[in-house]
Amino acid sequence: MPRDAQKNRNLWRMSRWLGCPPTGNSSEIWIFRIGSPLGWIVVPVILLIIWQIAAQWLNQPWIFPPVSRVIGQLVHPFREHYASGSLLSNTLISLLRVLLGFLLAAVAGISLGIAMGSIRIIRSSLEPIIEVLRPLCPIAWLPFAIAVFKRGTLPQLFGFGYTRTVFDQVQLGMVFVIFVGGFFPVLTNTLDGVRGVRRNYLLLAQALGAKRRQIFRHVYLPASMPMILTGLRQGLGLCWFVIIAAEMLPGAESGIGYLLMYASDNAAMDIVIAAMLIIGSIGAFLSLVMRKIMSGLVRWHGKEI
Amino acid sequence: MTHGKINNLLKEKPIALELRKVGKVFRSDTGPKLRALENVNLRVLQGEFVTLVGATGCGKTTLLNLIAGLDTADEGNLCLGQGLRFGDNIAHVFQHYTLFPWRTVVSNVSFGLQMRSVPRSERQARAAKLLASVGLEGFEDAYPHELSGGMRQRAAIAQALAIEPKLLLMDEPFGAVDDSTRNELQEMLTNLWQENQATILFVTHNIDEAIVLGDRVLVFSERPGRIAREFKIDLPRPRDRMAKEFTDLFIRIRTALSGQLD
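Chains as they are written, first to last, in our numbering: chain A, 1 to 305; chain B, 1 to 262.
This is chain A alone, in the form it adopts within the complex (with noise of 0.2 Å):
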């Protein structure tokens, strides 16, 4: 018996760090986690050919450039476009943003979630504004950010004014526009993970004799991680979404979204395409990571007893 656990022990160790359940079919398991080659090389490889083929006949590569020019511009990612930066280092800025907003979005949301699904006069008196501000879409927040935080930036928040780093881009209105996106997905998946602890378990704790504050700490924040992980990942997937709009709105001044329309204005569709792709690869990066996070972190769920 001993042995058999240990076993299934490593194999449920070995199964976290390859991201997929323990299926004991080692061929399943490497589809999993690199994932066939067949979505990875062979499919992009036939509609880069096409849209190479394609592009060269048309022959207008400012509505459709041919592959070799975008890629052009992706292996050179430190060229600077018009005086607006790089392809780079406005991708850092927008990077930075949203980092920014969501973390404020994560701390705000998992507190006040918890809070709300554990005592009810909380929930009760929030719950009717929350319900009206979470289907606005965080976009709309954008004039209003700007007349309250004007054109202040994260170093003038501190009083440092202007100081000649990538900082000095980070302003608040937008970085108040990325929390209000991130806030509610992390708000409402905690609260339904909080409201979803299973009584049992707070009994469980009471017995063993933990304080009321105590609970919040070992058993309403871990039963609900899951579901706080489910939110991060939406809300990190909706930040990156709403800096790009932003970002092509007039008014802005840096940023990988802003590059894009600038580029658009300019008919280098070249460039447009590459930040396309740019903005779509990070996209799925934080995802990816978001979800390696969350199978190492509760990798319980799903097998409550």
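Treat the hints with caution; some may be incorrect.
Derived coverage of chain B by chain A (criterion: at least 3 residues anywhere in the stretch with Cβ under 8 Å from a Cβ of chain A; other residues may be distant) [stated by the list, open to error]: (1) 84 to 91; (2) 108 to 122.
Calculated pairs, SDA-like style, for lysine to any residue (alpha carbon to alpha carbon, straight line, at most 20 Å) [unchecked claim]: (3) A:LYS292 - A:LYS150; (4) A:LYS211 - B:GLU164; (5) B:LYS33 - B:GLU75; (6) A:LYS211 - B:SER107; (7) A:LYS211 - B:SER117; (8) A:LYS211 - B:ASN206; (9) A:LYS211 - B:THR72; (10) B:LYS244 - B:TRP193; (11) A:LYS211 - B:LYS244; (12) A:LYS292 - A:MET276; (13) B:LYS232 - B:TRP193; (14) A:LYS211 - A:LYS150; (15) A:LYS211 - B:GLY47; (16) B:LYS13 - B:GLY47; (17) A:LYS211 - B:ARG85; (18) A:LYS211 - B:ASP215; (19) A:LYS150 - A:VAL166; (20) B:LYS13 - B:ASN206; (21) A:LYS211 - B:ARG103; (22) A:LYS211 - B:GLN114; (23) B:LYS21 - B:THR61; (24) B:LYS13 - B:ARG85; (25) A:LYS150 - A:ILE282; (26) A:LYS211 - B:GLY69; (27) A:LYS211 - B:VAL118; (28) A:LYS150 - A:ALA252; (29) A:LYS211 - B:PHE86; (30) A:LYS211 - A:PRO226.
Residues from chain A that face chain B, not an exhaustive set, calculated with beta carbons under 8 Å [as the list claims (entries may be wrong)]: (31) TRP51; (32) ALA207; (33) GLY209.
The set of hints was computed from the structure by calculation and includes no laboratory data.
Remember, predicted model here, so these are calculated numbers, not experimental data.
For each residue, glycine too, the CB sits at the ideal point set by N, CA and C.
With the hints as your guide, set chain B onto chain A.
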């Protein structure tokens, strides 16, 4: 004369728990009132192993929850013996959801110690020792879902014992495991009880289990729950299920229970 001296004179152990005329009513918004317990009188002495048998849904769990301080009685008095305190040295072992699925076995066992701010190294050491005493050495870092049902209940018992309870409440803890595992667990629990000198109140719907474990068997009536009969079990441990005294008791308790069912 003080209470303690009287006890000595009577050569009786001190009282761990006493219930007088305890009643409990559940009120729901829609349905009728439900009388779960009525006029429950119970006295448990320190170090005693008392088992409670009764049909499912007769209020046994409600009674344990009252004693554990997880719920409050509507009528009557509940007195805890000297040194017993809610949320401190009264432990509870449930039938289901006995372990936190997000914690490893060793961290489940040390949960109660963690709540009492015992330093990490000390609680790890104590948990490891307890795990060895319930036969789970080597499973410290396993998660509950990786254990069998019987192993989970072993871990749950270690988890309860970790807070060094003076009173151990057990709510059908072996209700969900197969017969042979159940027998192993009963044997282990008897040994642990004899070593630890704890008072145990054990709820079950299995008559055989009630006789194997208890010093006394209390037969619980159906709704509203009351203690209908009491049987003293004077058989030597470990108990022989084939002995005539055992089977006689079994029949008498069974008759008492089915009398309640009619």
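Verification of the hints:
{"no.": "1", "hint": "84 to 91", "verdict": "holds (count 4)"}
{"no.": "2", "hint": "108 to 122", "verdict": "holds (count 5)"}
{"no.": "3", "hint": "A:LYS292 - A:LYS150", "verdict": "38 Å, violated"}
{"no.": "4", "hint": "A:LYS211 - B:GLU164", "verdict": "18 Å, holds"}
{"no.": "5", "hint": "B:LYS33 - B:GLU75", "verdict": "15 Å, holds"}
{"no.": "6", "hint": "A:LYS211 - B:SER107", "verdict": "18 Å, holds"}
{"no.": "7", "hint": "A:LYS211 - B:SER117", "verdict": "12 Å, holds"}
{"no.": "8", "hint": "A:LYS211 - B:ASN206", "verdict": "34 Å, violated"}
{"no.": "9", "hint": "A:LYS211 - B:THR72", "verdict": "18 Å, holds"}
{"no.": "10", "hint": "B:LYS244 - B:TRP193", "verdict": "25 Å, violated"}
{"no.": "11", "hint": "A:LYS211 - B:LYS244", "verdict": "49 Å, violated"}
{"no.": "12", "hint": "A:LYS292 - A:MET276", "verdict": "24 Å, violated"}
{"no.": "13", "hint": "B:LYS232 - B:TRP193", "verdict": "18 Å, holds"}
{"no.": "14", "hint": "A:LYS211 - A:LYS150", "verdict": "46 Å, violated"}
{"no.": "15", "hint": "A:LYS211 - B:GLY47", "verdict": "28 Å, violated"}
{"no.": "16", "hint": "B:LYS13 - B:GLY47", "verdict": "8 Å, holds"}
{"no.": "17", "hint": "A:LYS211 - B:ARG85", "verdict": "14 Å, holds"}
{"no.": "18", "hint": "A:LYS211 - B:ASP215", "verdict": "34 Å, violated"}
{"no.": "19", "hint": "A:LYS150 - A:VAL166", "verdict": "19 Å, holds"}
{"no.": "20", "hint": "B:LYS13 - B:ASN206", "verdict": "28 Å, violated"}
{"no.": "21", "hint": "A:LYS211 - B:ARG103", "verdict": "18 Å, holds"}
{"no.": "22", "hint": "A:LYS211 - B:GLN114", "verdict": "11 Å, holds"}
{"no.": "23", "hint": "B:LYS21 - B:THR61", "verdict": "17 Å, holds"}
{"no.": "24", "hint": "B:LYS13 - B:ARG85", "verdict": "19 Å, holds"}
{"no.": "25", "hint": "A:LYS150 - A:ILE282", "verdict": "29 Å, violated"}
{"no.": "26", "hint": "A:LYS211 - B:GLY69", "verdict": "13 Å, holds"}
{"no.": "27", "hint": "A:LYS211 - B:VAL118", "verdict": "15 Å, holds"}
{"no.": "28", "hint": "A:LYS150 - A:ALA252", "verdict": "12 Å, holds"}
{"no.": "29", "hint": "A:LYS211 - B:PHE86", "verdict": "12 Å, holds"}
{"no.": "30", "hint": "A:LYS211 - A:PRO226", "verdict": "23 Å, violated"}
{"no.": "31", "hint": "TRP51", "verdict": "48 Å, violated"}
{"no.": "32", "hint": "ALA207", "verdict": "4 Å, holds"}
{"no.": "33", "hint": "GLY209", "verdict": "5 Å, holds"}
Checked against the numbered hints listed earlier, the structure breaks hints 3, 8, 10, 11, 12, 14, 15, 18, 20, 25, 30 and 31; every other hint is satisfied.
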